[in-house]
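Let's have the full structure, built from the sequences with the hints guiding it.
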Amino acid sequence: MKSGNRAADKQCVWLRFLSAQILRAVLITLIAGLFGAVLVRFSPGFDSDERDLDMRLSAATHRADARARAAEHDVLAFYVSWLGAAAHGEFGQSRSMNRPVRELLAERLPVTARLMAAGGLLGLMAGLLGAGIAVGRRSRIAENILGPGSGLLLSAPPAVTALLLLWLDYDPALAIAIAVCPYVFRYAFGLLRESASALHVTGGRARGVGEVRLFFSHILLPVAPQLASVATISAAVAFGAAIPVEVICDRAGVGQLAWQAALGRDMPVLVAVTLLITLMIVAVNAFSEVVLVMCSREPRT
Amino acid sequence: MNRWIRRTALVLLALLAIAAVVSLWLPGSAAVQYRDAIDAVPSARFPLGTDELGRDRLAQLLCGIRISFLLAPAAALFSTLIAALIGGTAGWCGGRIEWLFMVVADVFVSLPWLFLLITVRAILPLDVSAAVSIVVTFLLLGILGWAAPARVVRARARAIRQSEYVLYARACGAGRARLFVRQLIPDLRSILAAQFWICLPVYVISEANLGLLGLGVTDPLVSLGGMVRALQSQTAFFARPWILAPAAVLVLAPACLHFARLGEDRAS
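So the sequences go chain by chain: A and B.
The numbering of the first sequence is my numbering, which starts it at 259 and goes up by one.
The numbering of the second sequence is my numbering, which starts it at 3 and goes up by one.
Hints listed in this document are in silico derivations from the structure and should not be mistaken for laboratory results.
Honestly, I wouldn't trust all of these hints.
[As the list claims (entries may be wrong)] Residues from chain A that face chain B, not an exhaustive set, calculated with beta carbons under 10 Å:
1) L285
2) I286
3) A290
4) N356
5) L423
6) L424
7) Y428
8) I506
9) A510
10) A516
11) A520
12) L521
13) V531
14) T532
15) I539
16) V549
[Claimed, not checked] Pair by pair, the computed Cβ-Cβ distance ranges are:
17) B:L12 / A:R372: 38 to 48 Å
18) B:N4 / A:L426: 24 to 34 Å
19) B:A76 / A:V296: 53 to 63 Å
20) A:A335 / B:L26: 31 to 41 Å
21) B:I20 / A:Y428: 34 to 44 Å
22) B:P44 / A:D508: 23 to 33 Å
23) A:L426 / B:R178: 57 to 67 Å
24) A:V467 / B:F240: 46 to 56 Å
[As the list claims (entries may be wrong)] Reference listing, derived: stretches of chain B covered by chain A, where coverage requires no fewer than 3 residues with Cβ under 8 Å from a Cβ of chain A:
25) 209-215
26) 224-234
27) 246-253
Because the structure is a prediction, the values reported are computed rather than measured.
The beta-carbon is built from N, C-alpha and C at its ideal position, and this holds for glycine as well.
Have a look at this one:
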């Protein structure tokens with residue numbers, strides 16, 4: 259009877275934890291969307307539209323445009339109505355590109371996803387491998403080369419890397435990999451070094467346990483959940499790098515769309531992209547949090 | 003090895019800073035056009051040559067370094083102060099204030115930094131003067147960069163609030179305001195200094211990214227990002243490697259700022 263109650267309590271704690279994660283993700287996404295809408299609403303030039311100067315358009319069209327803009331004046335009302343439409347898959351019409359936002363996103367998402375997946379994965383693997391080598395080899399040389407090397411890569415702005423790769427005719431995904439790799443390396447290296455300095459690892463080594471077994475079973479395995487959460491860092495960094503990389507390498511992805519929307523003060527596109535990016539990063543954050551907690555088997559309440 | 007790298011980084015930083023300051027007293031300016039020397043190759047008169055408008059590349063580079071070295075620390079100081087104020091208050095007060103802070107900080111941290119920057123920078127007027135564009139760019143960096151340092155400060159402030167010595171001091175009758183001034187602020191000093199140094203290279207890189215996207219410092223003033231942007235139209239850089247000097251400085255300066263802190267983390 260007691261064990262049944264304990265299982266129910268545990269289930270309840272888990273449910274509360276998961277619902278808190280979802281609620282937090284939704285709240286952050288909504289606030290970020292509102293933040294984007296407020297910024298654009300109060301920007302100078304919000305009321306002006308180059309279509310007003312187009313003499314080919316009729317007076318009725320100009321009036322319709324003015325009505326559409328007037329509806330966006332109350333930022334909260336605009337945001338609420340936009341969210342209602344977004345729930346039905348309708349993200350509005352881009353003002354600067356004169357096309358439905360849904361179409362633009364559907365067109366550009368695969369480009370960014372491919373770029374981020376290729377670059378992010380490459381950076382992730384290189385970072386983890388570098389950290390593994392630096393800790394597993396227990397050699398100061400590896401640590402002294404990889405540590406400053408990652409610092410140097412960390413100091414290279416993604417835009418500069420993209421420009422150099424463009425000149426050298428390399429794939430732009432490499433620029434994203436170069437941006438992601440040092441972050442992953444530093445995080446993974448810190449975790450693995452701490453794990454390697456544990457007393458039981460020294461004890462195992464003293465008893466003659468092989469280095470490979472020691473590394474995989476006693477250094478890597480205990481920090482595997484934390485290393486899995488490194489995907490969170492990779493996703494955020496990869497998207498941050500995707501904006502300048504897509505702009506400089508002229509890739510028609512979401513990063514370039516965000517840049518064009520920001521320059522053209524295109525409110526519907528900007529709000530949609532803000533929500534999309536926030537949702538993606540918050541979802542990855544929540545996922546890694548759940549993975550960490552599942553591995554520790556104790557949800558934080 | 004780390005000590006050697008750190009010393010080299012400090013020497014290079016000092017050299018860059020001296021060059022940027024000394025250039026203030028040198029004749030010629032980044033905006034002056036030498037129409038008799040359009041797109042000139044390096045010479046004694048123009049050590050890095052001139053651009054397609056006849057402007058001295060070295061003078062431009064020094065101007066860019068000056069702007070970055072003057073304003074990135076100012077922006078880092080600004081965001082560290084905001085982080086100290088918000089993070090310190092949230093961690094010290096706890097409860098709903100802390101929860102509210104966490105939500106706002108999560109929003110800022112969840113959005114890619116560069117995306118936030120281009121959004122905020124792009125909604126500002128297009129016809130701002132060069133001086134205003136510099137101040138706005140770095141002010142934005144300072145305002146938008148508070149969230150990550152503030153989380154660190156909050157965690158430390160919270161630990162101090164829950165520490166036994168604070169509990170003991172409160173039991174002895176010390177007021178919250180007195181504890182804030184006498185215990186919290188001195189204890190946060192080392193964390194704030196570390197956050198300031200972490201922010202510095204990040205802001206130099208962010209300004210470069212903004213400049214490359216055409217949203218940074220405007221003409222006639224020059225920034226490192228703006229100079230690298232001009233390279234986008236260049237193709238024959240293998241034949242003219244000196245035009246890559248701004249890109250090299252742009253990687254070198256943040257790297258030196260980064261390496262100057264080597265070993266400090268472990269020491270603290």
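These are the hints, each one checked on the structure:
Interface hint status for L285 of chain A: upheld, as the beta-carbon distance to the closest one in chain B is roughly 7 Å, under 10 Å. Interface restraint check: I286 of chain A against chain B, minimum CB-CB distance 5 Å, threshold 10 Å, status holds. This hint holds: A290 of chain A has a C-beta 5 Å from the nearest C-beta of chain B, less than the 10 Å allowed. Annotation: interface hint on N356 of chain A violated; nearest CB of chain B at approximately 19 Å, more than 10 Å.
Proximity of L423 of chain A to chain B is violated relative to the hint, the smallest CB-CB distance being about 12 Å (cut-off 10 Å). Checking L424 of chain A against chain B by beta carbon gives a least distance of about 8 Å; that is within 10 Å, so the hint holds. Nearest Cβ of chain B to the Cβ of Y428 of chain A: about 15 Å, over the 10 Å cut. The hint is violated. Because the smallest distance between the Cβ of I506 of chain A and any Cβ of chain B comes to about 7 Å, under 10 Å, the interface hint for this residue holds.
For the restraint placing A510 of chain A at the interface with chain B, the shortest Cβ-Cβ distance is roughly 16 Å, beyond the 10 Å limit, so the hint is violated. With a cut of 10 Å, the hint placing A516 of chain A at the interface with chain B holds, because the nearest CB-to-CB distance is about 6 Å. Among the interface hints, the one on A520 of chain A holds; its C-beta lies about 4 Å from the nearest C-beta in chain B, closer than the 10 Å criterion. Checking L521 of chain A against chain B: minimum C-beta separation of about 5 Å stays under 10 Å; hint holds.
Below 10 Å, beta-carbon pairs count as interface contacts, and V531 of chain A has one with chain B at about 8 Å; its hint therefore holds. A least Cβ separation of about 7 Å between T532 of chain A and chain B falls short of the 10 Å threshold, and the interface hint therefore holds. Hint status for I539 of chain A: holds, given a least beta-carbon distance of 5 Å to chain B, under 10 Å. With a cut of 10 Å, the hint placing V549 of chain A at the interface with chain B is violated, because the nearest CB-to-CB distance is about 18 Å.
Evaluation of the 38 to 48 Å hint for L12 of chain B and R372 of chain A yields a pass: the beta carbon distance comes to about 42 Å. One distance hint, 24 to 34 Å for the beta-carbon pair N4 of chain B and L426 of chain A, holds here, with the actual separation near 31 Å. Look at A76 of chain B against V296 of chain A: about 27 Å separates their beta carbons, and that is not inside 53 to 63 Å. Between A335 of chain A and L26 of chain B the beta carbon distance is about 53 Å. The supplied range of 31 to 41 Å is therefore violated.
For the pair I20 of chain B and Y428 of chain A, the beta carbons lie near 36 Å from each other, so the given range of 34 to 44 Å is met. Taken as a hint, the range 23 to 33 Å holds for the pair P44 of chain B and D508 of chain A, whose Cβ atoms sit roughly 31 Å apart. Between L426 of chain A and R178 of chain B the beta carbons are some 59 Å apart, a value that agrees with the proposed interval 57 to 67 Å. At roughly 52 Å, the beta carbons of V467 of chain A and F240 of chain B sit within the given window of 46 to 56 Å.
By the rule of at least three residues with a Cβ nearer than 8 Å to a Cβ of chain A, the coverage given for the stretch 209-215 of chain B holds, with 4 such residues. With 4 residues having a Cβ less than 8 Å from any Cβ of chain A, the stretch 224-234 of chain B passes the three-residue criterion, so the hint holds. Coverage of a stretch by a chain is defined here by at least three residues with a beta carbon nearer than 8 Å to that chain's beta carbons; for the stretch 246-253 of chain B and chain A the count is 3, and the condition holds.
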